[in-house]
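*Asks:* Chain residues, written in single-letter form:
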Amino acid sequence: MIREIFNVSFFAGLIGATMRMATPIMFATLGEILSERAGVLNLGIEGIMLMGAMTGFLVTLSSGFLWLGVLAAALVGMALALLMAFLAVYLGLSQHVSGLGITLFSTGLAMFVYRLHFGSPLVPPTVDPFPKVAIPLLSKIPLIGPGLFNQYLLTYVAWLLVPVLSLLLYKTQAGLKIRTVGENPFAADTVGVNVYRTRTLCLVAGGALMGIGGSFLTLAHQNMFLIEVVGGRGWVSIAMVIFGNWDPLKGVLGAIIFGFLDGLQLRLQGLGFKVPFHIFLMIPYLMTIVVLVGVSRRATVPASLLKPYRREEKGG
Amino acid sequence: MIRLMIVKREPLPGWARIVIPIAAIVVTLILSAIPILAAGGALWKSYYFLFYGALGTRFNLLETFVKASPLIFTGLAVALAFRAKFWNIGAEGQLLAGALVATWIGIYGTWIPSFLLLPMVIAAGFFAGGFWASIPALFKTKLKVDDVVSTLLLNYVMVHIMGALLFGPLQQPGSSWPRSSEILQAAKYPLLLPRSRFHIGFLMGLAAVFLIWFLNTKTVFGYRSKAVGANIRSAHFGGINTTVVTLQTAVLSGGLAGLAGVGELCALQYRLIMDISPGYGYSGIVIAMLGNLHPVGVLLSALFFSVIIVGAQTMSRMTGVPTYIAEVIQGMALMVMLVFLLLTEYRIRVLRVRPRMRAGGSRN
Amino acid sequence: MSDDVPRPVAEMRSIEKRFLDVIANQQIDFRIYRGEICALLGENGAGKTTLMNILFGYYTADSGEIFIKGEEVNLSSPRDAISRGIGMIHQHFTLVPAQTVLENVIIATESRKGFFLDLKSSKERLLELQKRFGLHVDPEARVWTLSVGEQQKVEILKALYRGVDILIMDEPTAVLAPAEIEELFQTLRILVGEDRSVVFISHKLKEVMAISDRIVVLRGGRVVAERKKEQTNTRELVNFMVGRDLLERIERKKVPPGEPVLEIENLTVLHDKGLEALKGLNLVVREGEIVGLAGVSGNGQRELSEVLFGLRVPLEGNLKVSGEPLPWGDPLSAIRLGLARIPEDRIETGLMTDLSVEENLILERHGSEAFQTRGILNFRQIHQFSDRLIEGYRILTSSRDAAVKSLSGGNLQKVILARELDGRPKLVIAAQPTRGLDVGAMEYIHRRLLEEKARRAGVLMISEDLDEIFALSDRIIVLYEGRIMGEVPLEEAGREQIGLWMTGMHK
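Protein chains in written order, with the working numbering: chain A, 1 to 316; chain B, 1 to 364; chain C, 1 to 507.
FYI, nobody ran anything at the bench for these hints, they're computed from the structure.
Do not take every clue at face value.
In silico DSS-like cross-links for lysine-lysine, where the CA-CA straight-line distance does not exceed 25 Å [stated by the list, open to error]:
1. B:Lys226 <-> A:Lys132
2. B:Lys188 <-> B:Lys85
3. B:Lys218 <-> C:Lys113
4. C:Lys120 <-> A:Lys171
5. C:Lys279 <-> C:Lys228
6. C:Lys69 <-> C:Lys279
7. B:Lys142 <-> C:Lys273
8. C:Lys123 <-> A:Lys171
9. B:Lys142 <-> B:Lys218
10. A:Lys307 <-> B:Lys218
11. C:Lys405 <-> B:Lys85
12. A:Lys171 <-> C:Lys113
13. B:Lys226 <-> C:Lys206
14. A:Lys140 <-> B:Lys218
15. C:Lys254 <-> C:Lys273
16. A:Lys307 <-> C:Lys405
17. C:Lys254 <-> A:Lys307
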């Protein structure tokens, strides 16, 4: 059995599975980093991913176009994030509770709409999922080639987002504004930055990414929609943001580690280890908790995270 | 050009604390018309069957109380925790932990005298839930780990622990489904009224509401918990051992959630199954918020949600609106309640911003 | 006859602003002229900051007009004000500690090349400004490494970078040592030399008289006087500010100090970033004396008070209260040893603002035998206690159940005083006790501290306010960079000497 693990094809397959499992989390983590850098914790992430998954699936099935489904998922994510922005930014309500409200609402809504549209068929409907696209030369590299460079287009998009987001945050005026709003919104306000607008834009952009991440689950990873399709990945992304210390590259690294554990767990099951498969399912979550425990001490949280910003307080 | 601003307002009189949640419920019900109509349901017929299904017959009414029992417990669990700013999103996992341990003792506790079995099962379920909540509490107090994420992730871990056990040692011999054997008769909750499923769980819930109210308002622990939730730094400054208080709150919270699980097991299902909780732990969050974290508020919210959940079944049968409307209404209720709570402290001020004057045109 | 009354560069007419039930600004007319330093004088709560926040676009007036350079304007946000040449440096700095000086300065400005930030030319421009105005700070330094005075320079540079014509500074000297104040004044003189204007908000008469050309006094939300500096004096200004003559030097008894109530030996404490905030500190406070610990903020005062309060654990050192060792990091022990603690940020550290006055009053005593039996609170005793304290300390509140956040600043401090002093403590540690309070509250607190001294308690008062230090202390100690620069009894203390010590200079 040990020999089988070190088999080349096992390894290559594992890399491929890692990227596939990691992709939705990469999107969600990047989206959450954007929100949290501006000072808003978006706990609606799990619900937004679910609505993204359902909407993407629904629209793809109805229209026949996969990318239309992805677009619809992004739009739905943006709409839900806008609602979050209304509650937590504009009204200044508790970010914890607003986000949870969005998740609860979105979860119910996703199931409601799905049921409305499809009823309860014995055989759940499926779509033709995204095909994998091989990058010409790179996918021929031995060992890692087929795993890394024969992936879905959305996965490549996720990779590209990392440098884009990093450049945005660290090298542009927009990123400086976002970071300042996240560290000291009063400072940003007094220098002319519209705190509400910045936070809202970050939330909405983040929501789009979360929605897209969710749609990957039903349009590439699997090809059908089930209520447990997101299965806590939204929460894992929140942990990955902390793991990555709110940096896009490091956060995505965390997502890839989780994807690795998820893929590993799947493959180990296939090898017939004599452990109940539920234990395997637990491993990624346990590892996430362990990782969180290890990292939290030294985390540098954006200083204004969880604090609503209001201008007209006591005068004097 | 109109600009809206949120401004602090004068405090509202006491009656507002009761009127606000009721207003929130009414507004939620009105907003529910949107999904109902979207589902193609006839509006008034749907509302009628919603309420009839929950309150219209003796059986329905008792069912509503039955469904409210776990909600009261998880609502209290979350309210207690939130009051101390321990963001316990893990009530679902704690509920399962309670049900799990209750199952184990309920099946294998043959050596325990019958009259002691039920109390032991209840106690064990309480402590199991409390234990499961103490883990993230320790993480938070000793290691600064965010409680939202840790309590959430532990939910998933507990689900899988349950799955591993139900496909393993706890599985009913001879069955290929993930379900346990039935618990002993002595471990079952007494049924209180014939031709219904009304059991002592609801009365236990009422007792819990009273106990928690007493604890919150009249005891040292209640004061400390409230102080820690209000400002942990000041509480620490004042000599309160915030770590101990957080832990105590977490254990009590988890224990209450665990009792919800024990109730579902010992009163309704009589055996452990994967779907023993359709998300009661998460509903507890909405119920706690809607009840403004107050025990009596929790009781009333739990009843409200129970009405929705039970009524939705009948409504679905008669009008074709999917039962998931109950979850949609839950989510909406939470958001409406949040907005209304805001309006108790702030109001919206409308500003008319004057258009700019032309350059050189000065006044008078 | 030529019309040689200069037109103001900015004018505010009939400004009204109210918050809830407090009228902060009432029918205020205010003008600023080119090339002048105009002081806006008044005690805490008079409405100065509110008025300037309106000019800066941060607040919106309920009624009234604003004219800038002759043109009526509608300022709906700081962005509008900044684009018209108005800059404001608030009391609480608007800097991001984790970012560099350069990043803090160039945010939301046009410093870019295409999509990206143009760090090179921004830096050049910044250095040029630094040279011109004498404000030298390393552009690549992270702001948290800078001293308070240096941070203020960054704030000024921020405004200059944006081409400020009217610079508003809110209590700029509160956080500076005397030498730094001189530096600031020099910078301001260069500014007005270039025909720009400065509005100098302060309640410190000496500095106002030193630097301003014209002085406007606010009291209770109204303008009560406007004078050119040459036409007035401190006595008249005080009268305008407070409405009456300020009390002369408080009558203090000479009480021979007794046994030591606080002994600090070799105290070394690290601050949050891991460097030493206090280096081997030694300090003694005796019965019946008030020790004033002076110094600019950021020299270890916060860490010292946190250690004494039990909120921070030192690296090493011995602490004794009346001979008993004080365990580190244990607020409960501090309370039990009879230590009264008045924290410098009363809202974040001392109070729970959503809870009631009563609930705040019993914070430290709720577990005692008087107030609870076997875990159940004894409300009759508790109500008696809080009623007694509310009356005894004249805490202005609608009821003992009113939420503390509805109280004014002075009353908040009274709640803390009542709670801490009621137990007849042996030692009182007061950190910045009158910060942000009006004269009435300040006098009350000073009186209470003197009463404690008369009762033979020992008082350690940590304060940035030199006036306060000189008014109350029997002995003055100066803290600089974690060490004691000097210690001197009041009779021998000279302001100049103290000022030198505060900036780290020996004789």
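*Asks:* Against this structure, judge whether each hint is valid.
*Replies:* The hints, checked one at a time:
1. B:Lys226 <-> A:Lys132: 55 Å, violated
2. B:Lys188 <-> B:Lys85: 35 Å, violated
3. B:Lys218 <-> C:Lys113: Distance of about 65 Å is beyond 25 Å: violated.
4. C:Lys120 <-> A:Lys171: 13 Å, holds
5. C:Lys279 <-> C:Lys228: Violated - the C-alpha atoms of C:Lys228 and C:Lys279 are around 47 Å apart, more than 25 Å.
6. C:Lys69 <-> C:Lys279: Status violated; Cα separation ~53 Å.
7. B:Lys142 <-> C:Lys273: 20 Å, holds
8. C:Lys123 <-> A:Lys171: 15 Å, holds
9. B:Lys142 <-> B:Lys218: 29 Å, violated
10. A:Lys307 <-> B:Lys218: The hint is violated at about 31 Å.
11. C:Lys405 <-> B:Lys85: Measuring from Cα to Cα gives roughly 19 Å; hence the hint holds.
12. A:Lys171 <-> C:Lys113: Holds, at about 11 Å.
13. B:Lys226 <-> C:Lys206: 46 Å, violated
14. A:Lys140 <-> B:Lys218: Roughly 72 Å between the alpha carbons, so the hint for A:Lys140 and B:Lys218 is violated.
15. C:Lys254 <-> C:Lys273: 43 Å, violated
16. A:Lys307 <-> C:Lys405: 17 Å, holds
17. C:Lys254 <-> A:Lys307: 50 Å, violated
Violated hints, listed in ascending order, are 1, 2, 3, 5, 6, 9, 10, 13, 14, 15, 17; each of the other numbered hints is respected by the structure.
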